[in-house]
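Engineer: In case you want the letters, here they are:
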Amino acid sequence: VGRKGIFVLTGACFSLFLAFSVYSIFTFSEQGPRFDKDFIYVNEERPETGILAEAKNAVKGINNDIRFHEIWEGRTKVIELKEGDTAEWEVEVPETGNYELSIGYYPLEGSGQDIEFLLALDGHFIEDDTRPFRLNRVWKDEQGPLKRHNGNDLRPKQLEAKLWLNQKLAEPDDLRGEPLRLELTKGKHRLFIHLLRESMILDYLHLSKVREPVEYAVYRSNAPKSAGFKEQDEFFKVVQAERPYLKSSSGLLPSADRTSPVTTPYHPVKIRMNTIGGSNWDVVGQWISWKFEVPETGWYKIGFRYRQNKSKGLFVSRTIYVDGNIPFLEMKHVRFPYGLSWQIKELGDETGKPYLFYLTKGSHEIKMQVTLGELADSVQNIQEIIYELNRIYLKIIMITGVTPDPYRDYDIDKSIPDLLSDFSNFSNRLKDEAARLDQITGQNNVGSRSLRILARQLDSFIDRPDTIPMRLKSFKTNMTGLADWLLNAKSQPLELDYLYFASPNAAAPQAEANFLEQAAHEIRAFAGSFLENYASFSGNAQDERSIEVWVGLGRDQAYVLRRLIEESFTPETGIDVHLNLVDNSLVVAVMAGKGPDISLLTKRGEAMNLAIRGALEPLDRFEGFEDLQTQYMPTAFVPYQYRGHTYAIPEEQEFFMMFYREDIFGNLGLEPPQTWEDVLRIAPVLQNNNMQIGLPYENLDAFQLLDRGMGTLNLFPTLLMQNGSAVYNADHTATRFDEPSAFQAFKQWTDFYRLYDFPLYKDDFNRFRTGEMPIVITSYKLYNRLVRAAPEIAGMWKMVPIPGVRNNDGTINRSVDATGTASIILKDASNKEDAWIFLKWWNRPEIQAQFARDLESEMGILGRRTPANLEAFRYTSWSRKEQAVLLEQWKAVREIPELPGGYYTSRNIDNAFRDVVFQGENPRETIYFWNKQINEEIRRKRYEFGVDE
Amino acid sequence: MNKGIVREFKKKKESYLLMAPYMVFFLVFTLFPVILSVILGFTYYNMIDPPRFIGWYNYVRLFLDDDIFLIALKNTLFFAFVTGPISYVLSFFVAWMINDLPRTLRSVATSVFYLPTIVGVSVYPMWRLIFSPDEYGYLNGLLIRWGLIRDPVAWLVDPDKVLIILIIVQLWMSLGISFLAFVAGLQTIDKSLYEAGVMDGIKNRFQELWYITLPSMIPQLVFGAVMQIVVSFSVADVSIHLAGFPSTEYAGETMVTHIMDYGSIRYEMGYASAMAVVVFLMMVFTNRVVSKLLHKVGT
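So the sequence lines, in the order shown, correspond to chains A and B. For the first sequence, the working numbering begins at 1 and goes up steadily by one. For the second sequence, the working numbering begins at 1 and goes up steadily by one.
Do not take every clue at face value.
[As the list claims (entries may be wrong)] With a cut-off of at most 27 Å between alpha-carbon atoms, the simulated DSS-like pairs for lysine-lysine come out as follows:
| hint | chain 1 | residue 1 | chain 2 | residue 2 |
| --- | --- | --- | --- | --- |
| 1 | B | Lys74 | A | Lys747 |
| 2 | A | Lys431 | A | Lys168 |
| 3 | A | Lys781 | A | Lys932 |
| 4 | A | Lys431 | A | Lys490 |
| 5 | A | Lys291 | A | Lys56 |
| 6 | B | Lys74 | A | Lys932 |
[To be verified] Derived, one-sided and incomplete: chain A residues facing chain B with beta-carbon distance under 7 Å:
| hint | residue |
| --- | --- |
| 7 | Thr403 |
| 8 | Met591 |
| 9 | Gly593 |
| 10 | Arg613 |
| 11 | Leu700 |
| 12 | Leu706 |
| 13 | Tyr761 |
| 14 | Phe918 |
| 15 | Gly920 |
| 16 | Arg924 |
[Unchecked claim] Facing chain A, from chain B, some residues (calculated, C-beta under 8 Å):
| hint | residue |
| --- | --- |
| 17 | Glu14 |
| 18 | Leu17 |
| 19 | Thr43 |
| 20 | Met47 |
| 21 | Ile48 |
| 22 | Ser132 |
| 23 | Pro133 |
| 24 | Asp134 |
| 25 | Gly141 |
| 26 | Ile144 |
| 27 | Arg145 |
| 28 | Gly244 |
| 29 | Pro246 |
In short, the hints are calculated from the structure, not lab data. Computed from a predicted structure; not experimentally measured. Backbone N, C-alpha and C fix where the C-beta goes; we use that ideal spot for every residue, glycine too.
Based on the provided sequences and hints, a complete structural model is requested.
Structural biologist: Here's what the structure looks like:
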């Protein structure tokens, strides 16, 4: 009976589940598409009180004649400031005090980057050009219903809102995102502006006294006691967060959430834009604003459905503005606590009693701005402590080296006076910070734990100073752990589904689906996943004119590209694009006759392997190619040329830059090296202090060599070219390694490792960060990583061109090789003319620039691209100063041709290198021996491909 | 004759039908490629143009003009005739020892010894970390701490040391499928044989091993040997992941890495096929010899 009972029960459960599944799949029907009416955009108002320095009263600029506009977009007597322009005003301050400066401006169309300028007060610059002030552009979504593709929502196009803006200046890179405060005495003052980037129309500068917002109690009692002063009944209005009014950056795009059936609008399978924010709304200063309407004048409460599942055990903060002002003090830092799922937050006090906002009948604007809130001080202090501790670590390393001798007593506490007192000092500060953090977050958390671990370790160092050398490694690990936590704490991601405005008595909405709803959702999503192809980015229909494009990229990048194509290419040309994500199988696919028409972001080795075998279409025969060529560096096309034709258009060029730690160089009294002789001159100083010099060297991998070509593997080609030689001869029939200068370069290169003992294998990022390796030569991409992931050394390092060889005329030859990707058209492409139209579109400066910008806003600074197109490069997020540094090196880039059998060159250079460095063999004999092998391979391959008969 | 085959086929058509799925796969994915590479071995083929017949040229070049092939051949033979037998014997002895453990413990021990084969690929980074060429590498760090060496040794770059390290790692991973076959084989031996053996005057465990255990599991021994030979001749992953591809002075080059060098880097498929044929013939030959030897066990 028992067994039968179980069978029956299991059967019943199963059929119930089946019935439920069938029911939930078939009962789903999506609510019809919403139609929201378009926003009407209005200029921000001119302030009425305070000190106004109007544009027309500007004193003449220093290096230019200021251009007046009698009337511009509804305002009269304004001036136009272009990149490089300066202007000055004189203002009369009536009383001494702290002032905030706001600017009324109208950004002119440019590259889409924020406006950067320097500000001087009475002839003194407030910040230098590494930290310029910023005025941001504002962005809006394309109006009208969202476009769809295969039933999936597409992200709306981002347009610049052309408006007069009024913005309070914020301290650059300030963690709190608070306005800049100017201490002004009574009397005349001069304000000077130097525009570094982009251009704008300027209406006024405005000084107003700093006024703190009042507390909630005061706000509530101060409200006008007019007729509308009553608490409304039964009112509840939702504003979808994914439809903002304005935002501070084009990267604040709506996103799709399919994890919860309560998120609106909802579809279990298709992509619906239903949230905004998340990990790209996390940088201090970014804001989003929404418009909403209330039916009657009165008191309302405000709430959000949000998710904050990234910042573990912490909260993220937002400053809330209603109609441009912080209504009361509590709105300065509003916390959104951590939680795994979606939550409802009603603005209110700690007891959960909602704050009421006084709103007049009609339309209002609410703005949420990212701030570090109460964490700002802690983050600042911890950052300082880590930096200081790192300096101490470095001092110890200078005595002991990274791997101290266990049998030696270093007497560290005697060699470094004050070491122990410093330690106890820092230990106390760490403990204080930990306590404060616990108090702010209301719980013991990862941050305070890391702080206490470090403090405990410092205490034990004080007890037993003799153990310090042996425990350095764990000391370093603890510091890195803390720095990583810091990074985490500094990012403030928040995802919003909707905002709601309600009368005080309205009930809070449901935050998350209940079990049954969630189950129905999962079943629908699972059933739907059989019918949906998420990897396809293909165009709409089988159009007559269509091209097949492959990209070797991640999904994020493909989305950005897809959007660009939808927005710009297809409407412009009527050509449909089938976009596919394909990684690492281009050559094989082409060989099998299944290749695409176009491949983007192709590695140069891959491209040239196809070109040599006759699988690519030469591009120089198309019209417009020559115009395109002028937008690049002169040698940028060299790697893609073979037998008189050019087969690809470069997209990115990556080359070496030198990074050095200004603080360490300053302490040791060193200058950054300009030539290799300088490098050898500073080497002993650094090495005596147990510090290293990092030169680029990458381990050999034949597959990788095949794909990426010769550049940026090691220093040899660079040194070779700086010594006046080159890798290949003019006819590309052989190497030039048999020349004396080649031997010179080879010896110089191997000596760095053999005689001077520079490290071969190293982790550039970490050793540079700790200071063990205060000077590193590597690809400029290290810059992004340092900015993003090494906050404790921010501002302590610099990127400069690499050392070179001094010419007879005193100039320095800094020649360097490069690597990169390119776009190609396949020989078998069905419609080559259309393919060329696409390629021309893709390599247009504004498209390359937009791709780079969108990618960066999607992925953060780590996604930063540096287009090879010089025009596009100017539009990228690199600041003008960084651009100048990069360009200086870029001009010295001399690309190396890719030859048939070229993979053998870099392989055998490395073979020769290892023979000399590891086996201690004679450099001259070695390089000649391997050179013979290289030339034989080149000869054989040339014969194979019929170059030489 | 022809009729005979047809009749034979009709009589046992169910068996052929049941065999068909595997045979189709075997023909298409095993036999056909082998025949194809024998043919391609006589051609120049770059994967885009059609193959061009060039006679014995590939083989002439292979044996007379390719110095690196000789290094690869030497290394492969070393793996086949030194590492292979060691790991074969090791597999058997470990299996034999485990066999005496109680049931649960035996399962645990089997899993533990088989584990390296399963996780093989994913632990290469760990090996690389251990043999890392700077002072941050585990082995270097340990030896420096003990004061045995002063400067870090580039274990995986120095051509004198590469092969030794590859062999150690290969041995660690080599308790593979043959080991499982031995463990299973030992289980199947009839216990009464041992009792009979005792009656017939077997004095110690080694006599037991030689006269009873081994002869009773010849099929497993042959299977293990075949697998071991295949593995030993096609060593490549270890070399690529640890010594790099190509390794310093080709010190870790094996036949298979050499084939990859020509096949997937230079796209010289004809030449690569010729090499593959040589490896294939070496395997077949070794198999014949080893099977012959194994049938002599216990006599």
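Engineer: Could you run down the list of hints and mark each one as holding or not?
Structural biologist: Taking the hints in turn, this is what the structure says about them:
1. Of the supplied pair hints, the one linking lysine 74(B) and lysine 747(A) is violated, its CA atoms being roughly 33 Å apart against a limit of 27 Å.
2. Restraint check for lysine 431(A) and lysine 168(A): not satisfied, since their Cα atoms lie roughly 37 Å apart, outside the 27 Å limit.
3. Our distance criterion of 27 Å between C-alpha atoms is broken by lysine 781(A) and lysine 932(A), whose separation comes to about 35 Å.
4. The suggested pairing of lysine 431(A) with lysine 490(A) holds, with an alpha-carbon distance near 20 Å, which does not exceed 27 Å.
5. Annotation: proposed proximity of lysine 291(A) to lysine 56(A) is violated, straight-line Cα distance about 34 Å (limit 27 Å).
6. A C-alpha spacing of about 24 Å is found between lysine 74(B) and lysine 932(A), which places the hinted pair at or below 27 Å, so the restraint holds.
7. Taking 7 Å as the C-beta contact cut-off toward chain B, the hint placing threonine 403(A) at the interface holds, the least distance being around 5 Å.
8. Restraint check, methionine 591(A) versus chain B: the minimum CB separation of about 5 Å is within 7 Å; hint holds.
9. Below 7 Å, beta-carbon pairs count as interface contacts, and glycine 593(A) has none with chain B, the closest being about 10 Å; its hint is therefore violated.
10. Here the hint on arginine 613(A) is kept, as its CB sits about 5 Å from the closest CB of chain B, short of 7 Å.
11. Below 7 Å, beta-carbon pairs count as interface contacts, and leucine 700(A) has one with chain B at about 6 Å; its hint therefore holds.
12. The beta carbon of leucine 706(A) comes within 5 Å of a beta carbon in chain B, closer than 7 Å, and the hint placing it at the interface holds.
13. The criterion of a C-beta within 7 Å of any C-beta in chain B is met by tyrosine 761(A), whose closest approach is roughly 5 Å, and the hint holds.
14. For the restraint placing phenylalanine 918(A) at the interface with chain B, the shortest Cβ-Cβ distance is roughly 5 Å, inside the 7 Å limit, so the hint holds.
15. With a cut of 7 Å, the hint placing glycine 920(A) at the interface with chain B is violated, because the nearest CB-to-CB distance is about 11 Å.
16. At about 18 Å, the closest approach between the beta carbon of arginine 924(A) and any beta carbon in chain B exceeds 7 Å, and the interface hint on this residue is violated.
17. With 8 Å as the threshold, the beta carbon of glutamate 14(B) stays out of range of chain A, its nearest partner Cβ sitting at about 36 Å, so the hint is violated.
18. Because the beta carbon of leucine 17(B) sits about 33 Å from the nearest beta carbon in chain A, more than 8 Å, this interface hint is broken.
19. The criterion of a C-beta within 8 Å of any C-beta in chain A is not met by threonine 43(B), whose closest approach is roughly 13 Å, and the hint is violated.
20. Interface hint at methionine 47(B): satisfied, since its Cβ lies 5 Å from the closest Cβ of chain A, which is below the 8 Å cut-off.
21. The closest approach between the C-beta of isoleucine 48(B) and any C-beta of chain A is roughly 5 Å, which is under the 8 Å cut-off, so the hint is satisfied.
22. Because the closest C-beta pair between serine 132(B) and chain A is about 7 Å apart, less than 8 Å, the hint holds.
23. A least Cβ separation of about 5 Å between proline 133(B) and chain A falls short of the 8 Å threshold, and the interface hint therefore holds.
24. Checking aspartate 134(B) against chain A by beta carbon gives a least distance of about 5 Å; that is within 8 Å, so the hint holds.
25. This hint holds: glycine 141(B) has a C-beta 7 Å from the nearest C-beta of chain A, less than the 8 Å allowed.
26. Taking 8 Å as the C-beta cut-off, the interface hint given for isoleucine 144(B) holds, the closest approach to chain A being about 6 Å.
27. Hint status for arginine 145(B): holds, given a least beta-carbon distance of 6 Å to chain A, under 8 Å.
28. Because the smallest distance between the Cβ of glycine 244(B) and any Cβ of chain A comes to about 6 Å, under 8 Å, the interface hint for this residue holds.
29. Given hint, proline 246(B) at the interface with chain A, holds; its Cβ is 6 Å from that chain's nearest Cβ, closer than 8 Å.
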